[in-house]
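Residue-level listing of the chains:
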Amino acid sequence: MSLTLRTYVMFAVVIVLIVGTGFVQSWNSALLILNMGLVSAVMALGVNLQWGIAGLFNVGVMGFVALGGLAVVLTSVAPVPEAWAAGGVRAWVAVLIGAATVTASVLVWKRMRNAWIMIAVLIVGFVIYRYVRDAGVDAIESVNPAATGFLGGLGLPVILAWPVGGLLAAGAAWIIGKTALGLRSDYLAIATLGISEIIIAILKNEEWLSRGVKNVNGLPRPVPNEIDLQNDPGFVEAAAGWGLDPTTASTLYVKLGYSILFAVVLVILLVLAQLALNSPWGRMMRAIRDNEVSSRAMGKDVTFRHLQVFILGSAICGIAGAMMTTLDGQLTPSSYQPLRYTFLIWVMVIVGGSGNNLGAVLGGFLIWFLWVQVEPMGQALMNVITMGLPEGSGLKAHLLDSVQHMRLLTMGVVLLLVLRFSPKGLLPER
Amino acid sequence: MDFLNALVTLANFVLIPGIAYGSQLALGALGVTLVYGILRFSNFAHGDTMAFGTMSVILFTWLFQSWGLSLGPLPTALLAIPFGIVATAALMLGTDRVVYRFYRAQKAKPIIFVMVSIGVMFIYNGITRFILGADEQRFDDGERFIIRARDFKEMTGLDEGLTLKTTQGLTVVTAVIVVAALFWFLNNTRTGKSMRAFSDNEDLALLSGISPEHVVRVTWLIVAALVVVAGTLYGLDKTYKPFTYFQLLLPIFASAIVGGLGSPLGAIAGGFVVAFSEVGITYAWKKVLGYALPDSLAPDGLVQLLATDYKFAVSFMILVVVLLFKPTGLFRGKSV
Numbered sequence: 171m172s173l174t175l176r177t178y179v180m181f182a183v184v185i186v187l188i189v190g191t192g193f194v195q196s197w198n199s200a201l202l203i204l205n206m207g208l209v210s211a212v213m214a215l216g217v218n219l220q221w222g223i224a225g226l227f228n229v230g231v232m233g234f235v236a237l238g239g240l241a242v243v244l245t246s247v248a249p250v251p252e253a254w255a256a257g258g259v260r261a262w263v264a265v266l267i268g269a270a271t272v273t274a275s276v277l278v279w280k281r282m283r284n285a286w287i288m289i290a291v292l293i294v295g296f297v298i299y300r301y302v303r304d305a306g307v308d309a310i311e312s313v314n315p316a317a318t319g320f321l322g323g324l325g326l327p328v329i330l331a332w333p334v335g336g337l338l339a340a341g342a343a344w345i346i347g348k349t350a351l352g353l354r355s356d357y358l359a360i361a362t363l364g365i366s367e368i369i370i371a372i373l374k375n376e377e378w379l380s381r382g383v384k385n386v387n388g389l390p391r392p393v394p395n396e397i398d399l400q401n402d403p404g405f406v407e408a409a410a411g412w413g414l415d416p417t418t419a420s421t422l423y424v425k426l427g428y429s430i431l432f433a434v435v436l437v438i439l440l441v442l443a444q445l446a447l448n449s450p451w452g453r454m455m456r457a458i459r460d461n462e463v464s465s466r467a468m469g470k471d472v473t474f475r476h477l478q479v480f481i482l483g484s485a486i487c488g489i490a491g492a493m494m495t496t497l498d499g500q501l502t503p504s505s506y507q508p509l510r511y512t513f514l515i516w517v518m519v520i521v522g523g524s525g526n527n528l529g530a531v532l533g534g535f536l537i538w539f540l541w542v543q544v545e546p547m548g549q550a551l552m553n554v555i556t557m558g559l560p561e562g563s564g565l566k567a568h569l570l571d572s573v574q575h576m577r578l579l580t581m582g583v584v585l586l587l588v589l590r591f592s593p594k595g596l597l598p599e600r
Numbered sequence: 004m005d006f007l008n009a010l011v012t013l014a015n016f017v018l019i020p021g022i023a024y025g026s027q028l029a030l031g032a033l034g035v036t037l038v039y040g041i042l043r044f045s046n047f048a049h050g051d052t053m054a055f056g057t058m059s060v061i062l063f064t065w066l067f068q069s070w071g072l073s074l075g076p077l078p079t080a081l082l083a084i085p086f087g088i089v090a091t092a093a094l095m096l097g098t099d100r101v102v103y104r105f106y107r108a109q110k111a112k113p114i115i116f117v118m119v120s121i122g123v124m125f126i127y128n129g130i131t132r133f134i135l136g137a138d139e140q141r142f143d144d145g146e147r148f149i150i151r152a153r154d155f156k157e158m159t160g161l162d163e164g165l166t167l168k169t170t171q172g173l174t175v176v177t178a179v180i181v182v183a184a185l186f187w188f189l190n191n192t193r194t195g196k197s198m199r200a201f202s203d204n205e206d207l208a209l210l211s212g213i214s215p216e217h218v219v220r221v222t223w224l225i226v227a228a229l230v231v232v233a234g235t236l237y238g239l240d241k242t243y244k245p246f247t248y249f250q251l252l253l254p255i256f257a258s259a260i261v262g263g264l265g266s267p268l269g270a271i272a273g274g275f276v277v278a279f280s281e282v283g284i285t286y287a288w289k290k291v292l293g294y295a296l297p298d299s300l301a302p303d304g305l306v307q308l309l310a311t312d313y314k315f316a317v318s319f320m321i322l323v324v325v326l327l328f329k330p331t332g333l334f335r336g337k338s339v
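Residue numbers (the numbering used here), protein chains in the order written: chain A, 171 to 600; chain B, 4 to 339.
One thing to keep in mind: the hints can contain errors.
Said to hold, decoys possible - Reference excerpt, derived from the structure (chain A facing chain B, CB under 7 Å, subset only):
1. Trp286
2. Glu377
3. Leu578
4. Leu585
5. Leu589
No lab work stands behind these hints: they were computed from the structure.
What you are looking at is a predicted structure, and each value in this text was computed from that prediction instead of being measured.
Glycine residues also receive a C-beta, built at the ideal position from the N, C-alpha and C atoms.
For reference, chain B alone in the conformation it holds in the complex (with noise of 0.2 Å):
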């Protein structure tokens, strides 16, 4: 009993946590590393991207609920994602054409493009903060929870009681039809093979007669629909503010260069790594010890072993660990 409950817990407040906050930064990331493949750059407005994002979704979400449109049980917001993703797309690209396009065809040094995405990260921050503000927003609806604690309880007569949030079951259910969608994408059509081919060889590329202007837009576009889906499952899920979205960035970053930049399915595993070691470390133990030890060797104090405002350092930590021991990351994305 004593280790159902322990198990129980550990589900409760590491597992299903780890598993909803993974499933976000892993589309965060992919879209990092989408950037990155193909536009060879690391993109330093991929935070106020998605703030941008979930802005849009959060003012489509009010207007359906003000017409009286609802999903049942569902948050209205995934009814607004698709409009979000639009207004996205448009803005991002427009800022390509805008602004990224000139370098391209100078053939900028990284590091320029990176200072440029720096200016586009002021200037989309200045938006969204316009727009909607800097404050918290919530804009959660319907069913809250799939279990609640205390109908866990009676059902399994344990002491421990599990909760699993609507918002956690739907980041995982999304993340995964949006990233097998992703994968479908890049392995079987032909625009997906010839992004390949342009993140792999842009010389070779060329020379087959892929147009890099085509390549560069449906980056883009793909690009926008993970960070506005991303950015709603994280604010559904938690809270939606601009500066906790900029904050995001460094997990993501952290995610997508433990997976291997440029590599997608290394995005996918960087995110988890660096979700459960966050949750993990965060994490006060004494709980799930008190159920899974003896009583002798129970714990005393919390066995939290970093404050949960350290989550920055342990998304650091990890990523100096794998610049150090393996720049490339764990799936061999690019290196220099």
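This is chain A alone, in the form it adopts within the complex (with noise of 0.2 Å):
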């Protein structure tokens, strides 16, 4: 089979079994598996432009996820000006003032190269830092701690968080690969891993950002509520014409919205990709991936592309949970794990076929399908096999109750018979 067939017949795969969830289980759960598919779909183009294409192992893509949700609350959560009367410019002059302390040691170590004039400016740095933010941000968390507590963001309208959430996730990959590039591809792995953690620390600790654990509901939408549309006669009467009751309809109206914007990003994301693959700078990429030494002996600054292809991957990775985020209508910063947002992502790149941009997406869809359908699948075997079981028997409860861990094992499964037998994936680089 050609791959351009096959490339079809994966994605006609991929559709039968999102119909079919809408006709088995309900449009609704269909339209969920679609969303959250198309949003696994962009963070598996990044992991793929930075794996597949560029061959860094990055497994911090949780970190930038976060980000990105970080984005949807500065860029359109309403200022709250309390807050911002409060403390908020001393806050950001303390953040500003570590930015300039690390800076300033980095330079110092560039161009001294002295290691206790560096560790001074470090100390210095960091006493004028904690001075400047403390009181700043105990001010900021003690307006109204129950309802707000935090500085907000700027109100802007939610779209606009997306592309500012790969800003953001831009920035932060800049100083990453500023540090970690260079290195081996394992510590490349543990230091990317680190930072995805320390990401989700300081959304989880400051409180005057993101509102910590106490999260952020009720984001601002892109799409219109359902109360309201149910509330909209208009709405009741084009309802009651397709044959749907205003509830269902609204719901189906509100999903279905969030699919156009997410496939309009998608398939941008998409062109552009594999428009990138396609051109020069493409086969310099996969060059340098195949080979260090003799790229950098056809003169390609191989750390400066690393470093850029690393940047841009990560950005798609904010878009991404910027829009996960939007979706969601919620920050809530203690439900990043790294199994299901960062090693998922992997699974699907490396399923889907590492290299290929295609490949990537469909793997984005078919893992998030699986993994949504598990746990259903899992309960019906579970409960063919304790069917012999007394009822009451504690072995049954306990096997019944366990169903839910059922996903993590498919997906260590599925992640190695694909490395072991098909190790280019389902849809293999050309």
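Once you've looked at the hints, go ahead and assemble the two chains, each given alone in its own frame, into the complex.
Quick look at the structure:
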């Protein structure tokens, strides 16, 4: 089967799976899978750019996704004037001082190569930073802590948060890339793993910025609210015309709205990624991936190119993260788990086919579908297995309870099987 | 008197927890370093192997407790460790046979191994949660303290108390025994020597008739033992929760790299460096400084450099500093 035909067949399978869910379960669940599938596909596209095309092993996807989520809060939430008056400027000045301290210490090291002066700069800067920060942050966090207790955002339209999420992630990627690229592959992996944990720790702890574990609820939405639709006589009439009750119709309408927005983003990014892959730039990146030494000999700046593609890929993950938080309507820092947001995306890329953009997108949809559907499937399977056990037995209850953990097991098995028997993935690189 | 009080406070909140945590990290890092030295990849499944091992120890502990077996003042878990090691070793050898051996035969690149280990991580994580759930479990029993704060105050007449938990004492003693046994094994036995030879130069080792599969098997056995001991001690000392064990991956990697990947001595030193930095940077120094400094200089704030939740940031900073300035680590491990 040629690759083109294979691609069509595979995507047809995805469509059948999602439409099938619509018929068998409900159209709401089908659209839910489709929406998160679209977001996952964007994330997978970002990781594929880094791994599939440039061979960079980034396991900090979760961090960039979370930064995208932060961007939604910072861009779209209405600002809290009392908090700004209490210490907003002071808190941000402290952040600037912190950044200046780090920059200064890096410069000192580069110019003078003297570790002691660098440490002195860091210590002095840290003391000033804490002095400026603590009072400001305390003031912000004590402004109506139950309802706000943070600075809020800029109050801009939420769609703007998506590119901003990309920019935030790109900025973080620049800093990480500057320090960690150039290390050997598994060191880069460990470094990015660490960075992502730190980003989550920041989101959880810096309450003045992100409201921490108190979460930010009720984020603005780019689509209408279900309640408004249900109260709109025109919409109710139209729903009746389609033969739907207003509640179902409104939820479907909203989800479909998200699907269209996400699909537009995915198509734009996919087209760009395809153009990049087939351009001289893409060929150069693959050449660097396949043989760094000879690319260097050909006069390519490997370190710079790595940095470039690392930033691009991370920015895409940031955009996806912002889209996801918009879809959820809330930022919940404690919900970010590496297995779900880093390693699952990796499974998507590997299963779909690393190096092939369409493969990554396919993997995003397929694995997300599997991730969602494993639980009901496992439940059914367990019901069959435990049928013979007496009602009320401890083992039966335990087995039925544990179904929720089947997901991880399944993902591991899928990843290992693909790595072993089809290491190029479902849609191999050409 | 103030000076003694400062010293006791320091010991109580920094030194003792630091030493116990450092020993746990050192045992964990030894496992990572051995896998890296012999099999030549960073094992991302290490944290979840630890969770699995601890889980099996917990199950055996509960079994023994239901039989009424106990070690008196010591936790029953000690009795269960050997059985936990057997279960974990069986799992790891099985994994090696089914998963890793194929890639060894192919001479796959290290990065492929890392990815495979991510798959293994998912599976172990799933198994652990499947059997015992994702919740916290407590399984310590026996005497809780070696020294209680109140007894210490009465004994010495100081204002500050010193607590030494049984689990902390146990951690250090066990760690010393395990490490001593490991070094004796590596330096004095035939298999240990062949392991070191294999780690130093694979081709030469193969040439001199060392069986690679044997070396790999023994490595997994040792790693299983280290992982179970480390995980059980950590679980006894703090608490058992699969996700916490997964997160331990980062400080453990940091310890192994700081010490120099592939160097057992380095792993131990690295464990303590990371542990003391974490405890020291996230501890509020107010009390110690209040005693140690004259009243006029006593601090107003908590003097806590970073909030406790940033402890990952600490291991990460150390990692970055070492990678940038001394990529081979403190003890000249492998770099590239």
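Here's how the hints hold up against the structure:
1. Interface hint status for Trp286 of chain A: violated, as the beta-carbon distance to the closest one in chain B is roughly 13 Å, over 7 Å.
2. The interface hint given for Glu377 of chain A is broken, as the beta carbon of that residue sits about 11 Å from the closest beta carbon of chain B, more than 7 Å.
3. Because the beta carbon of Leu578 of chain A sits about 4 Å from the nearest beta carbon in chain B, less than 7 Å, this interface hint is met.
4. Residue-level restraint check for Leu585 of chain A holds (minimum Cβ-Cβ distance to chain B is 4 Å; threshold 7 Å).
5. Against a cut-off of 7 Å between C-beta atoms, the interface hint on Leu589 of chain A holds, since the closest Cβ of chain B lies about 6 Å away.
The earlier numbered hints that this structure contradicts are 1, 2.
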